[in-house]
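*Asks:* Chain by chain, the residues run as shown.
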Amino acid sequence: MLYNGVMQQEVDGVLVAAHELKAPLAVLRQLALSFEGAGVSDERIKNQMVSVSERALRQVNDLSKIRRLEDGLFEMEPVAVREVCDAVTRELRYLFRYNERDFTVKYSNKMKLVTANRELLYSVLYNFLLNAMHYSDAKTNSRLTVRDHRGSVRVDVRDFGPALPVEVWRELRYGQIDKPLPVAMRPNSSGLGLYIASTFSRYMGAKVGVVRHRDGTSFYVELPISKQASLFGV
Amino acid sequence: MIFVIDDDEIMAECIARWAKDKVKKFTNAIEAMNAISDGVLPDLIFLDILLDGPDGFTFLNEMVSYNDTAKIPVVVVSSLDLSKYNLAEYGVVRVLSKDTMVPADIKERIDEYAK
Numbered sequence: 001m002l003y004n005g006v007m008q009q010e011v012d013g014v015l016v017a018a019h020e021l022k023a024p025l026a027v028l029r030q031l032a033l034s035f036e037g038a039g040v041s042d043e044r045i046k047n048q049m050v051s052v053s054e055r056a057l058r059q060v061n062d063l064s065k066i067r068r069l070e071d072g073l074f075e076m077e078p079v080a081v082r083e084v085c086d087a088v089t090r091e092l093r094y095l096f097r098y099n100e101r102d103f104t105v106k107y108s109n110k111m112k113l114v115t116a117n118r119e120l121l122y123s124v125l126y127n128f129l130l131n132a133m134h135y136s137d138a139k140t141n142s143r144l145t146v147r148d149h150r151g152s153v154r155v156d157v158r159d160f161g162p163a164l165p166v167e168v169w170r171e172l173r174y175g176q177i178d179k180p181l182p183v184a185m186r187p188n189s190s191g192l193g194l195y196i197a198s199t200f201s202r203y204m205g206a207k208v209g210v211v212r213h214r215d216g217t218s219f220y221v222e223l224p225i226s227k228q229a230s231l232f233g234v
Numbered sequence: 235m236i237f238v239i240d241d242d243e244i245m246a247e248c249i250a251r252w253a254k255d256k257v258k259k260f261t262n263a264i265e266a267m268n269a270i271s272d273g274v275l276p277d278l279i280f281l282d283i284l285l286d287g288p289d290g291f292t293f294l295n296e297m298v299s300y301n302d303t304a305k306i307p308v309v310v311v312s313s314l315d316l317s318k319y320n321l322a323e324y325g326v327v328r329v330l331s332k333d334t335m336v337p338a339d340i341k342e343r344i345d346e347y348a349k
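Heads up: the protein sequence lines correspond to chains A and B, in order. If you're matching positions, the first sequence starts at 1 in this note's numbering and goes up one per residue. If you're matching positions, the second sequence starts at 235 in this note's numbering and goes up one per residue.
One chain only, chain B, in its complex shape (with noise of 0.2 angstroms):
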C-alpha cells in the first residue's frame, strides 16, 4: 500500500497514476493519520508540505513518534526549496521536487521502498 497526501487532487492524482499499484490518496494529513490508526500502514509515503490544515511536518512528527510509523520511508514531493534541510531525522528517504521531477523518479522510490 502506498499513501499520497496532497492536497492538490490533480497533482495527488498524476502523482497515483505513476504509483500504479495499490495507492491510497489523501488531501490532508489528518485522514492518512486516522487512516493509520486504523491500522492501515503503508509500505512507502509520498507527502507534500503545505497541506491544507496541519502540514507536512506535523505529519512527519507524528510519524516518528511511533514506534510502528517511524520506519516507514518517506518521500517528500514538494515545490518549496528544502535543499538546505536535512530531513532524514524526519524519516524522509528522498526529496522531490514538483519542478522538475518526472515519473521515473515515482516508479524508481517504488521499486526502491515498496516493491
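So here's chain A without its partners, still in its complex pose (with noise of 0.2 angstroms):
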C-alpha cells in the first residue's frame, strides 16, 4: 500500500514533470552549499553546476516550445539531416564525457534532406541522446545512426544500459506518449525528454518509436523526405 500510494504521486504527468525539474534545482541547491569548506575544487563544483543548470534550462524551453506549437510558429522547412546530428552531438560531447560515456554516430543515408523543423527536430534528437546518456551503462558507447528507411530517414539513438522494463515498452512503442511518463523514475532523464520528444515529433508528421534489447534501448524518429529532396535526388 505505502509503495502503491508514494508511486502513484509519480505517475500523474504534471507532477513527474515537476519532480523531474525540481531535482536539478535540488541538485544545484547542494553544489551550491558544496563551497563552504568541503574540500573540492571550485572549477570541479561551478562545471557540475553548469552542466546541470543547461539541461534543465534546455527541458524548461523545450516545455514552453510545446505550448507555442498550438500557435504554428515552426514551420516545416527542407532540413538537412546531418547538419542537425552534428550540431547536436557537437554540444553533448562534452556531457557524455564528463559523465564517463561515449557515442559512435554514423551516417548511411542517400537521402539528405526531410522535411522538418529544424529547431524541433534539434530537441528530439538531443532528447533521445540525453536519454541514452542517462541510461547507459558507465564507460559505453551510446550509438547514432541516420540511414534510409522506406521512404523516410530514420535517426536510431541506441543506448547500452538496463532493458527497458516491458510495460514500460508496451506505453512507449508506438510513440504516442501524450504525458510524461516516468519510464524508469529516473531524475533528471528520459520521462519528460520522451514526452518532448514525442510531441515535437508528432507536429511534424514524423514518428517515433522504441526497440527494446536485452542489453538496452533504442529510440528512433522517422523523418519524411523532403519533396523538394526527391525531386533532385538528394
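Source of the hints: derived by calculation from the structure; they are not laboratory data. Note that the structure is predicted; figures quoted are calculated from it, not measured. Check each hint, because a few of them may be wrong.
Calculated from the model, a selection of chain B residues having no Cβ within reach of chain A, i.e. all distances over 10 angstroms [to be verified]:
1. R251
2. Y300
3. N301
4. I306
5. D333
6. I344
7. Y347
8. A348
Taking lysine-lysine and the BS3-like style, the derived pairs with C-alpha atoms no more than 25 angstroms apart in a straight line are [said to hold, decoys possible]:
9. A:K22 x B:K259
10. B:K318 x A:K22
11. B:K254 x A:K46
12. A:K46 x B:K349
13. B:K349 x A:K139
14. B:K259 x B:K318
15. B:K305 x A:K46
16. A:K207 x A:K227
17. B:K341 x A:K46
18. B:K256 x B:K349
19. B:K259 x A:K139
Which residues of chain B face chain A? A partial, calculated answer using Cβ under 10 angstroms [said to hold, decoys possible]:
20. E247
21. C248
22. S271
23. L275
24. S331
Quick reminder that beta carbons are idealized off the backbone N, C-alpha and C, glycines included.
Take the two lone chains and join them into the complex the hints point to.
*Replies:* Structure, rendered in C-alpha cells:
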C-alpha cells in the first residue's frame, strides 16, 4: 500500500514533469552549499553547476515550445539531417565525456533532406541522446545512426544499459506519449525528454518509436523525405 | 562504512562529500545489494527512493527481510513528499528532503548512527 501510494504520485504527468524539473534545482542547491569548505575544487563544482543548469534550462525551453506549437510558429522546411545531428552531437560530446560515457555516429543515408523544423528536430535528437547518456552503463558507447528507411530517413539512438521494462515498452512502442511518463523514475532524464521528443515529432509528421534490446534500448524517429529532395535526388 | 545509493551521480557525490567518512557510492540498488551479499555491511545507508531499476522500497524490503541487515539504519534522501508515510517499519531512521537538507543534516546523521 505504501509503495503504491508513493508511486502513484509520480504517474500524474504534471507531477512527473515537476519532479523532473525540481531534481536539478535540488542538485544545484547542494552544489552551491558545497562551496562552503567541502575541500573540492571550485572548478569542478562550477562545471557541475553549469552542466546541470544547462540541461534544466533546455527542458524548460522545450516545455514552453510545446505550448507554442499550437500557435503554428514552427514552420516545416527542408532540413539536412546530418547538419542537425552534427550540431547536437557537438553540444553533447562534452557532457558525455564528463559523465564517463561516449557515443559513435554513423551516417548511411542517401537521402539528405527531410521535411522538418530544424529547431524541433534538434530538440528531439538532443533528448534522445541525453536519455541514452543517462541510461547507458559507465564507459559504454551509445550509438547514433542515420539511414534511409521505407521512404523516410530514420535516426536511431541506441544505449547500452538496463533493458527497458516491458510495461514501459508497451506504453512507448508506438511513440504516442501523451504525458510525461516515469520511464524508470530516474531524476533529470527520460520521462519528460521522451514526452517532448514525441510531441515535437508528431507535430512534424514524423514517427517515433522504441526498440527493446536485452542490453539496452533504441529510440528512433522516422522523418519524411523532403519533396524538394525527391525532385533532385538529394 | 557508509553507503550512498542515488542514481543522480552529482547528488550522490554531494552527499558523499559531506559524509567525509569511508563512503561507498552506488547508482542503483542492485550494486548495493551485491556488495552486502559479498559481506560488506555498512554502518549507515543514505538511500534515494526513485532509482533506476529496483527502487528504494525494493531495497528496503530486502534489507528488513534479512537478519544481518534488518538493523542497519537507513536515512532516506528524496525529493518525494514522504511525510504521510510511516517508514520506520522499513528500517528508516530519518527522512531528509533533497529540497531542504543542508550538509549539517548529513553530518548529524553520521554522528548519530555511524560513530
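*Asks:* Give a verdict on every hint.
*Replies:* Hints and how they fare:
{"no.": "1", "hint": "R251", "in the structure": "violated, 5 angstroms"}
{"no.": "2", "hint": "Y300", "in the structure": "holds, 19 angstroms"}
{"no.": "3", "hint": "N301", "in the structure": "holds, 22 angstroms"}
{"no.": "4", "hint": "I306", "in the structure": "holds, 20 angstroms"}
{"no.": "5", "hint": "D333", "in the structure": "violated, 5 angstroms"}
{"no.": "6", "hint": "I344", "in the structure": "holds, 15 angstroms"}
{"no.": "7", "hint": "Y347", "in the structure": "holds, 21 angstroms"}
{"no.": "8", "hint": "A348", "in the structure": "holds, 19 angstroms"}
{"no.": "9", "hint": "A:K22 x B:K259", "in the structure": "holds, 22 angstroms"}
{"no.": "10", "hint": "B:K318 x A:K22", "in the structure": "holds, 20 angstroms"}
{"no.": "11", "hint": "B:K254 x A:K46", "in the structure": "holds, 20 angstroms"}
{"no.": "12", "hint": "A:K46 x B:K349", "in the structure": "violated, 32 angstroms"}
{"no.": "13", "hint": "B:K349 x A:K139", "in the structure": "violated, 35 angstroms"}
{"no.": "14", "hint": "B:K259 x B:K318", "in the structure": "violated, 28 angstroms"}
{"no.": "15", "hint": "B:K305 x A:K46", "in the structure": "violated, 39 angstroms"}
{"no.": "16", "hint": "A:K207 x A:K227", "in the structure": "holds, 17 angstroms"}
{"no.": "17", "hint": "B:K341 x A:K46", "in the structure": "holds, 23 angstroms"}
{"no.": "18", "hint": "B:K256 x B:K349", "in the structure": "holds, 12 angstroms"}
{"no.": "19", "hint": "B:K259 x A:K139", "in the structure": "holds, 17 angstroms"}
{"no.": "20", "hint": "E247", "in the structure": "holds, 8 angstroms"}
{"no.": "21", "hint": "C248", "in the structure": "holds, 4 angstroms"}
{"no.": "22", "hint": "S271", "in the structure": "violated, 19 angstroms"}
{"no.": "23", "hint": "L275", "in the structure": "violated, 25 angstroms"}
{"no.": "24", "hint": "S331", "in the structure": "holds, 9 angstroms"}
Consistency with the previously given hints fails for numbers 1, 5, 12, 13, 14, 15, 22, 23, ordered from lowest to highest.
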